[in-house]
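Visitor: So the chains spell out like this:
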Amino acid sequence: MNLTYFRRGLVLLLLVFGIALPGWAGEPTDEIKQTTDKILSILTNPSLKGSSKTAEREKLIRQAIDERFDWEEMARRSLARYWDQRTDEEKKEFVRLYSDLLERTYMDKVEGYSGEKVTYEGESVDNGYAVVRVKIVTKKNTDIRVHYRLKRIENKWLVYDVSIEGVSLVNNYRTQFNSIILKSSYENLVKRLRERVEPE
Amino acid sequence: MRKFDLELTVGLFIIAGLICLGYLSVKLGKLEIVGERGYEVYALFSNSGGLKIGAPVVIAGVDVGRVKNISLDHYQARVVLNLPWSVKIQEDAIASVKTKGLVGEKYIEISPGGSENNIQPGARIRETQSPVDLEELISKFVFGKI
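Protein sequence lines correspond, in order, to chains A and B.
Read in order, the letters of the first sequence are residues 1 to 200 in this note's numbering.
Read in order, the letters of the second sequence are residues 1001 to 1146 in this note's numbering.
What the hints contain is simulated information worked out from the structure, not anything from laboratory work.
Be aware that one or more of the hints could be misleading.
[Said to hold, decoys possible] Straight-line C-alpha distance at most 20 angstroms; calculated SDA-like pairs for lysine to any residue:
#	chain 1	residue 1	chain 2	residue 2
1	A	K109	A	R152
2	A	K183	A	R194
3	A	K140	B	L1018
4	B	K1140	A	V137
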C-alpha cells in the first residue's frame, strides 16, 4: 500500500520536474528548427510561388522570423553605448528601423533558397543562454557555419545574434553604427537607416 | 702601470655594461609590474588562432590590458585577460581575436556593449568571436563562384 503511494508520488514528482526544468537537451535547437522549417515550407509552397506572390510570401517569412528574433535585444546590442541615451520613442523607432534594415538586407538571400541542406550540428546551453550550431551545405558543396545565439525569455528561446562563418551580425552593425555616430550623429544614423528602409 | 690602466678600463666598461643591463631590466620589469594591477576576466574561444600570452587587449584601438593566460578548457581556449580597474566591460561586450595587419600578431579586441551591467572580476565575457580564417573564407567563396 505504502509502496504504491510512494511510486505514484515519485512519478508525479518526475512529471513536475520534467515539465518545469528548462533547457533540456535540444530545446533551443528544436525552436530554431521550428522556425527554419516554417520558413522553408513557405519558400517551397507551390501556391506561394511566383513574383505575384512575393509580397505575401515575404510577409509570412517576416512573421516567422519575428517570432524567433528578439529585435529589441539585437538593436540594443548593436547600438551598444548609445542605446541608454535614447528616449523611449527613439528606442522604439530604432528597433523598427533596425529590423526593417535586416529584412531588406537579407530577405533576398532567404528568397534565393534553392534546396540547400540544413543540418543541426549541436548546441550548448549555459544559464539562460544558448548557442545552436547549424551547417548549411550549398549546391557547390561548400559548408557554411551558422551559429545562432539565443536567450531564454519567459518560456521561449529568442535569437539575439547570428554569426556566419564566425562573423557576428551584432558586432558588424555595432562597429558601423559606432563609426557613423562618432563621425556625425545619432540623428544622421537614423536618417541613413530611413533612407535605406523607406526609399520612397 | 699600463697593464693596470688596461684592466681598470676593461673593468669600468664591464661595470658600465652591467649598469645599463640592470637599468634596462628594471625599465622592462616595471612594465610587467604594471600588468599585475587591475582585474581579470576570461573568455572562451573555439579557436585562439595562435594568440600568445602577453598579447595586448585593445579597445577602440587603444592598448588597455594584456593576455595573462591561455589554457585548454573542455577543448576550448580559455583566455584570461588583465584589465585596469578604470576600464569596465559591459555584459554584452564582444571579445574578438584580431590580427595586426593581415598576417601580423594576434591580439584581443573588445567591442563595448550597451548593457547596464558590467562583467565582474573573475567573470566571463560571454560573446566571443574566434579569428576568421581568411584563407578558408576566400577559398569557400571564390571557388564557389564558378
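Visitor: Determine for every hint whether it applies to the structure shown.
Guide: Hints, verified against the model:
{"no.": "1", "hint": "A:K109 / A:R152", "in the structure": "violated (27 angstroms)"}
{"no.": "2", "hint": "A:K183 / A:R194", "in the structure": "holds (18 angstroms)"}
{"no.": "3", "hint": "A:K140 / B:L1018", "in the structure": "violated (65 angstroms)"}
{"no.": "4", "hint": "B:K1140 / A:V137", "in the structure": "holds (11 angstroms)"}
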